[in-house]
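Residues in the sequence shown are numbered from 1 upward in steps of one, following full-length UniProt numbering.
In short, the hints are calculated from the structure, not lab data. Where hints are given, some of them may not hold.
Listed below are the simulated DSSO-like cross-link pairs for lysine-lysine, each with C-alpha atoms no more than 27 Å apart in a straight line [what the hints assert, rightly or not]:
1. Lys163 / Lys269
2. Lys262 / Lys144
3. Lys364 / Lys448
4. Lys325 / Lys295
5. Lys82 / Lys364
6. Lys300 / Lys269
7. Lys81 / Lys300
8. Lys81 / Lys144
9. Lys82 / Lys262
10. Lys364 / Lys108
11. Lys144 / Lys269
12. Lys262 / Lys81
13. Lys163 / Lys300
14. Lys108 / Lys295
15. Lys144 / Lys163
16. Lys37 / Lys82
Pairwise CB distance ranges (calculated) [as the list claims (entries may be wrong)]:
17. Ser307 / Val167: 57 to 63 Å
18. Val287 / Trp162: 40 to 46 Å
19. Leu524 / Asp322: 18 to 24 Å
20. Phe9 / Asp77: 53 to 59 Å
21. Thr451 / Lys163: 53 to 59 Å
22. Ala156 / His439: 51 to 57 Å
23. Leu283 / Arg357: 42 to 48 Å
24. Phe115 / Ile6: 51 to 57 Å
25. Phe115 / Lys364: 45 to 51 Å
Glycine included, each C-beta is placed from N, C-alpha and C at the ideal position.
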Amino acid sequence: MTVTAIVIFIFFFLPVLRLVWQSFQYNGQLSVAHYAKILSEAFTWNMLVNTMWIVIGSTALSLLLGVFFAWLMAYTDFRGKKWINIFILLPFIIPSYIVTIAWTQFVKDIPFGTFNLYSLGGITFLLGISHFPLVYLFTVNVLKRIPRELEWAVLASGGGKWKAFSVVTVPLALPGIIGGGMIAFLSNLDNFGIPAFLGIPANITVLSTAIFQEVIGFGENAFARAATLSVLLAFIALIVTGLQWLLLKKSKATETSYVDEKPRIFLGKWRLSTEIVVWSIVLLFSVMPLFSMVKTSLVKTYGLPLSWETLTLFNFNFLLYDYNKVGNALQTSTLLALGTAIICTIVGTAIAYIRIRQATMFSKLIEMIIAIPYTLPGIVLALAMILAWMEPIPGWNPGLYGSIWILLIAYVTRFMLLQVRGSSTAILQVSVDLEEAAHIAGASQFVKWRTILLPLFLPGIISGTILVILTTLTELTVSSLLWSSGAETIGVLIYNFEQAGYTTYSTAFSVIVLLYMAGLAGILYSIILIIRRKEQL
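Kindly produce the complete structure, drawing on both the sequences and the hints.
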């Protein structure tokens with residue numbers, strides 16, 4: 001246990017302590033000078049106002065869209081729910097920086113009016129549509145579990161549908177709405193890709209991009225100033241996390257374990273028109289911008305209209321055969337995703353097992369410490385990793401910073417919680433009686449795990465592993481500060497293309513990445529199907 005505690009402390013908690021310590025360092029002494037200087041600058045307050053306007057506005061949009069679609073899917077007789085559910089989730093599944101590139105091309109193709117995405121409104125809009133699926137997922141699950149008998153009781157007592165909605169549905173759905181809204185808020189606060197792609201060219205700075213610019217600027221006290229801004233950003237995130245915990249603790253949830261898929265509201269004559277409007281909105285948000293991105297990738301020079309004369313595969317040919325950084329980025333991201341997934345699967349499952357089967361204060365503390373890197377914004381964690389591993393012991397540089405290994409450490413640290421939660425769900429579904437029976441029968445630990453536990457845990461464990469792989473594969477926020485030449489990741493290379501003005505290359509590579517993700521998702525889905533079939537035999 002002592003060794004475990006030391007390892008957890010070094011990898012998950014020490015970087016955060018180094019970050020906070022750095023923010024209080026001034027000329028080799030402990031001081032609040034950096035806080036005083038930064039908080040006295042007009043630029044800081046303008047940046048904070050930008051951050052809060054964007055985050056609050058995008059969260060409001062996410063709540064509006066997420067709750068609406070959740071109610072529609074859970075309560076009405078809308079047709080084609082399985083298909084539209086896929087399209088609703090697409091803006092979240094596709095990396096936000098690819099969504100941004102797609103939309104910047106799409107607004108140029110709109111024949112009527114103009115919408116400037118390189119603005120506070122543009123950043124807010126794209127963050128809102130990128131994260132509304134989070135609100136949707138939290139809310140739709142709660143809505144389907146609300147006992148319809150409670151709503152019938154209100155109707156039977158003379159109350160109308162509106163009263164049933166306001167008295168029963170909204171209060172009982174509140175935990176899901178609050179949970180989804182807070183997660184959307186934190187995701188909007190954490191997001192680096194959209195503010196970087198749209199805000200930096202327009203000189204609109206938010207906290208995440210300010211930290212990035214401080215570090216890459218290498219100015220006087222750059223790391224100390226960046227650390228100070230990181231603490232401010234982390235402070236906001238922790239306040240919201242605490243607020244979420246308090247609100248969820250006070251809210252009352254009356255739901256069943258039964259998921260009710262049957263419609264409760266029949267749209268009648270309005271069903272067709274509702275379906276047309278909803279499908280139009282969903283396709284507008286998730287599919288149409290991708291077509292514009294593909295169009296741009298098929299012309300050699302940016303700005304040319306797509307026609308039979310201008311149609312070319314030059315960009316794809318160049319990226320795949322003449323520019324070796326593309327292959328290296330795909331290989332680097334894939335290896336990092338697989339390496340992260342393997343480590344998280346083994347360690348995360350072990351931690352989950354100890355946390356559930358041997359619930360102690362120590363195991364609870366471990367889970368809390370592991371949750372810290374995931375709760376913190378990615379740009380904050382990246383800076384913490386630099387400060388912790390550039391010189392972990394005074395006078396000793398292990399050479400991790402500037403190599404692919406610091407990316408692996410950062411990914412494992414950040415995404416370990418996803419695997420712990422996924423494995424915990426799988427372990428909770430298996431009765432402890434099976435383990436006790438194996439122990440009574442004299443089975444060794446190895447035999448018990450190989451013949452009983454692993455086959456039962458595996459589907460849930462694999463689900464967590466797949467989530468880690470797909471999340472790590474296209475990660476940008478942490479990578480933006482930790483990448484090095486020759487170890488560019490997918491997200492970093494697309495960002496570099498866009499910043500250099502190579503829009504045709506960035507769109508073409510984005511198309512390649514989406515196809516690569518689709519192929520990888522197909523392989524992973526096939527693995528799940530094989531595992532499920534073996535379970536049924």
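Now the hints, each set against the structure:
1. Restraint check for lysine 163 and lysine 269: the C-alpha separation of about 23 Å stays at or below 27 Å, so the hint holds.
2. Annotation: proposed proximity of lysine 262 to lysine 144 holds, straight-line Cα distance about 9 Å (limit 27 Å).
3. Proposed proximity of lysine 364 and lysine 448 is supported: the alpha carbons are some 25 Å apart, at most 27 Å.
4. With a C-alpha separation of about 23 Å, the suggested pairing of lysine 325 with lysine 295 holds against the 27 Å cut-off.
5. Between lysine 82 and lysine 364, the direct Cα distance comes to roughly 38 Å. Violation of the 27 Å bound is thereby established for this hinted pair.
6. For the proposed pair lysine 300 and lysine 269, the alpha carbon gap of about 49 Å is over 27 Å, so the pair is violated.
7. Between the alpha carbons of lysine 81 and lysine 300 the distance comes to roughly 39 Å, so the proposed pair goes past 27 Å and is violated.
8. With a C-alpha separation of about 14 Å, the suggested pair lysine 81 and lysine 144 falls inside the 27 Å cut-off, and the hint holds.
9. Restraint check for lysine 82 and lysine 262: the C-alpha separation of about 14 Å stays at or below 27 Å, so the hint holds.
10. Under the criterion of a C-alpha separation no larger than 27 Å, the hint pairing lysine 364 with lysine 108 is inconsistent with the structure, at around 52 Å.
11. For the hint pairing lysine 144 with lysine 269, the CA-to-CA distance comes to about 24 Å; that is within 27 Å, so the pair holds.
12. For the given pair, lysine 262 sits about 12 Å from lysine 81 by alpha-carbon distance, which is consistent with the 27 Å threshold.
13. With a C-alpha separation of about 59 Å, the suggested pairing of lysine 163 with lysine 300 is violated against the 27 Å cut-off.
14. The hinted pair formed by lysine 108 and lysine 295 meets the criterion: a straight-line CA distance of about 12 Å does not exceed 27 Å.
15. Distance restraint check for lysine 144 and lysine 163: the Cα-Cα separation of roughly 19 Å lies within the 27 Å cut-off, and the hinted pair is therefore satisfied.
16. Note on lysine 37 and lysine 82: the hinted pairing is violated, with a Cα-Cα distance of about 54 Å set against a maximum of 27 Å.
17. Judged by the Cβ atoms, the range 57 to 63 Å given for serine 307 and valine 167 holds: they are separated by roughly 59 Å.
18. A hinted range of 40 to 46 Å for the beta carbons of valine 287 and tryptophan 162 is inconsistent with their spacing of about 34 Å.
19. At roughly 30 Å, the beta-carbon separation of leucine 524 and aspartate 322 lies outside the given 18 to 24 Å, and the hint is violated.
20. Remark: the range hint 53 to 59 Å for phenylalanine 9 to aspartate 77 is upheld by a beta-carbon distance near 54 Å.
21. Taken as a hint, the range 53 to 59 Å holds for the pair threonine 451 and lysine 163, whose Cβ atoms sit roughly 56 Å apart.
22. Checked against the hint of 51 to 57 Å, the pair alanine 156 and histidine 439 passes, with Cβ atoms roughly 53 Å apart.
23. For the pair leucine 283 and arginine 357, the beta carbons lie near 47 Å from each other, so the given range of 42 to 48 Å is met.
24. A hinted range of 51 to 57 Å holds for the C-beta pair phenylalanine 115 and isoleucine 6, which are about 53 Å apart.
25. Between phenylalanine 115 and lysine 364 the CB atoms are about 49 Å apart, so this pair conforms to the stated range of 45 to 51 Å.
Hints 5, 6, 7, 10, 13, 16, 18, 19 from the earlier list are contradicted by this structure; the remaining hints agree with it.
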